[in-house]
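Engineer: Residue-level listing of the chains:
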Amino acid sequence: MTTVTMMKSNHDKAGATNRGDWARSLGRRIGVVAVCLALAATMVIAASGGATAQVDDPGTESMIVSVQETGDATITLTVPFDLTVADERTAFEQFRSEETRQQRLLDRYETRLSNVVAETNAQTDREMALGTAEIETRTHDSAEVGVVRVTATWEQLAATDGDRLRIDAPFDSGFETDRRLAVEPPETHQITAVSPEPTSNDGEAVWERNRQLDGFEVTMEPTDAATDSDGSGAGFGVLAALVALAGLLGVSRRR
Amino acid sequence: MARRRTTAILVLLAAVVAGMALPAAAMTGTADQTSEQQNETVDIEVGQQLSTVASATTDEVRSEADQAGFEQRFNETSSTERAEAIAERAGELETTATELRTEYDELTESYRTGEIDGSTFAQRIASLTTKAYAVERNTERLADYAAQLPEAEQRAFDVTEDDFDRITDQVSPISTPTTSAILAQYTGESTGEIEIERADGIELEVESEDGEQSRQFERPRDGSGSYELNQSEALAIATDTLSEQDGEWVLTSVSTDDGAYEFEFELHGAGEGEAEVAVDGETGTVFELEESVESDDDDDDDERLAVRVTDGEPAPGREVTLTVTANGEPVADATVELDEETVGTTGENGTVTVTLPAEEEAEITVTAGEREGELEFEFEDEDEDRELGATADIDNGTVTVSVLLDGEPVEGASVTANEESVGVTDANGTDSFSLPAGEELEIDVEYQDLEAELEYELEEHEDEDEEDRELVISVTEGEPAPGEEVTLTVSADGEGVEGATVELNDEVAGETGADGTITVTLPTEDAEIEVTDGDDEGELELEFEDEESDGDDGDSDDYDGERDEKEDDDSDDEAEDDDDDSDDDEE
Chain A
1484 MTTVTMMKSN HDKAGATNRG DWARSLGRRI GVVAVCLALA ATMVIAASGG
1534 ATAQVDDPGT ESMIVSVQET GDATITLTVP FDLTVADERT AFEQFRSEET
1584 RQQRLLDRYE TRLSNVVAET NAQTDREMAL GTAEIETRTH DSAEVGVVRV
1634 TATWEQLAAT DGDRLRIDAP FDSGFETDRR LAVEPPETHQ ITAVSPEPTS
1684 NDGEAVWERN RQLDGFEVTM EPTDAATDSD GSGAGFGVLA ALVALAGLLG
1734 VSRRR
Chain B
19 MARRRTTAIL VLLAAVVAGM ALPAAAMTGT ADQTSEQQNE TVDIEVGQQL
69 STVASATTDE VRSEADQAGF EQRFNETSST ERAEAIAERA GELETTATEL
119 RTEYDELTES YRTGEIDGST FAQRIASLTT KAYAVERNTE RLADYAAQLP
169 EAEQRAFDVT EDDFDRITDQ VSPISTPTTS AILAQYTGES TGEIEIERAD
219 GIELEVESED GEQSRQFERP RDGSGSYELN QSEALAIATD TLSEQDGEWV
269 LTSVSTDDGA YEFEFELHGA GEGEAEVAVD GETGTVFELE ESVESDDDDD
319 DDERLAVRVT DGEPAPGREV TLTVTANGEP VADATVELDE ETVGTTGENG
369 TVTVTLPAEE EAEITVTAGE REGELEFEFE DEDEDRELGA TADIDNGTVT
419 VSVLLDGEPV EGASVTANEE SVGVTDANGT DSFSLPAGEE LEIDVEYQDL
469 EAELEYELEE HEDEDEEDRE LVISVTEGEP APGEEVTLTV SADGEGVEGA
519 TVELNDEVAG ETGADGTITV TLPTEDAEIE VTDGDDEGEL ELEFEDEESD
569 GDDGDSDDYD GERDEKEDDD SDDEAEDDDD DSDDDEE
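So the sequence lines, in the order shown, correspond to chains A and B. This note's numbering applies: residue 1484 is where the first sequence begins, and numbers increase by one. This note's numbering applies: residue 19 is where the second sequence begins, and numbers increase by one.
It should be emphasised that the hints constitute simulated quantities derived from the structure, not laboratory data. Hints are supplied without guarantee of correctness; some may be wrong.
[Unchecked claim] Some, not all, of what chain B presents toward chain A, calculated at C-beta under 8 Å:
id, residue
1, Val64
2, Ser69
3, Ser73
4, Glu78
5, Ala83
6, Asp84
7, Ala86
8, Gly87
9, Gln90
10, Asn93
11, Gly206
12, Gly210
Backbone N, C-alpha and C define an ideal beta-carbon position, used for all residues, glycine too.
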């Protein structure tokens, strides 16, 4: 008996995860470059020069809403464990190895979430449905953090109007964040209007915990069509342009 | 009666709600607005449901992982360490339970003062309920583990049934049928109506569409801990507070504690129902109530008997007359048992006279054919029994017994091992002696008129120190690949083991040197390396990937072990392993 082999596989998995994250952040960086180009051309874009949003911050309990172009969204709940603390490490490692326990949790989550999806569906004119749900465990070596991620696809969470995507229900009715909430637009899109004011809005809109989200609305538009503002976001556009200009100056000064 | 009042206030409230454009939750009502409302119906919004589902799921991940971690530790450790692991886990659960209780008390206060509205209040109750149930469930599991320890050890480590009850008591107001009914509505698992009534306390009332009703309330205690009322007076008050049902509330348990009467009831004659009511023994104030009723599916009420005290005041050693009825009619010839011993049968009028035991607890069960009924008493413990706790540590042939009373070391307790006297405890409450021969060790401790007993089965009469150690094999030099020469290091508890026999695919390859290392040439196929040193064993399996099939460059993933092989010892080995991996990658 030996730990060597067991840990090897863990190590591998973590490595793969890190590579995946790296690839994703590269993708995001490319997205940011594209955004900058569009910005330079049109001067109409939403950006903030504030703190950098880190949607994947593994050490924070989060709900991440990752929107796809189709209007479907992946909802991810992250539960972090501090692997530098012996008890947390044992808890995480043991939980990761017990599939029955994970499955039991996932089943309960699926049942509950499907009720919420059905309820929200009844209040909107979209064809909402719950897609696949999964539970997975990841380790982030550098941060010494283990994360349990519970994900589920919420079909048609975002309303689609042409290329434009909008998320409101169910976050606009009594949703209370006792964890960080992040909304990630599809890579082809950017957030062009958001309410209430997020804690940070750097590509993704992030609200730190304990925020009331009454009147919640996030609008996302294709990055290359950002000029097609139809007026509804006019005031916002002007403000955004100013903010963006400030942002650009900030960027160039930093270089 | 309570229900009728509720309805009247509801009508008023409905008028108010109709005049409002926004649902209750959307307005963060000021203190003035809310304090005028005596009763409100809670609107549940989908956003709140999503919040509840998210926090419930997160809580469950945490508590399941903690539980998994505890079980892992428990299965790995020796007897005394197990007791320690249980005590540590109990401590964690108690901390969580206390925090939840504080949160609940603060929440209640915020609602009472109008700081938060009913909708927020109910949603937070729902979130607390998942946490409270997790504490309750994990405490019950832990109690099962603790029950495996000798009783004296349970006492020494404060992990007796009473200790676990204390933990679950903390979360008792948020792990009730009512709060779980609220939770079920917030997770969308059921639909119905939630009402909150605020008077001098807070009452929660839930009705589900499937006909389940539950309610609970809590009020501040106003008595000073004395008993001015006798039990039947208190019972009359309690019964009066229960909701009116088609059937009859039958008392099943009475207990007295800290100046209060606590009654438990069961609903007979209409559906399934249970209730618990706590009455202050001095003022007669009902300060806690919990009630839940499910609609009737099948009529099995004939199977239940009701037992009542119709004469005498129940107390330890007192004579009381009991009357046994079924659906209100006296039942003759019912067998009456007191603490599982038959004490008589009922006469024509359904009565029997029994003398209650002098103990703090009495359980009366009655049977007539298939029908059964019960009544339990738990009387307040005037001067609580002092119980002796003891624990034994066996190390290197020496047994050290520690004796505790109320958490303090006991000096002068006499200790016997396998019926031979082995001395008395010193000022630290400990007594050490040589481990006697034999496969069993029975330790008895006596102090004044108190006793404690510990029993151990000794496996092969072996000192704990000489328990089998796990040998760890690691590749410390060379690249593990088919046909390659590598240096293996065999270690136990972090130190190299000299003279361990190393077998490669069942053939002896040699013995380890002074630093625990040996150089071997790996076979061309998968390798199974086994080492033995006396009774100690270790194993490492190397599986080589077929390079032909996937064209792997052979740099990093040459071997992949068996995933289901788990090791009890942890971080040191991991670190070693990680090093190995990076070495491989670099080469």
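Engineer: Does the structure break any of the earlier hints, and which numbers would those be?
Structural biologist: 10 and 12
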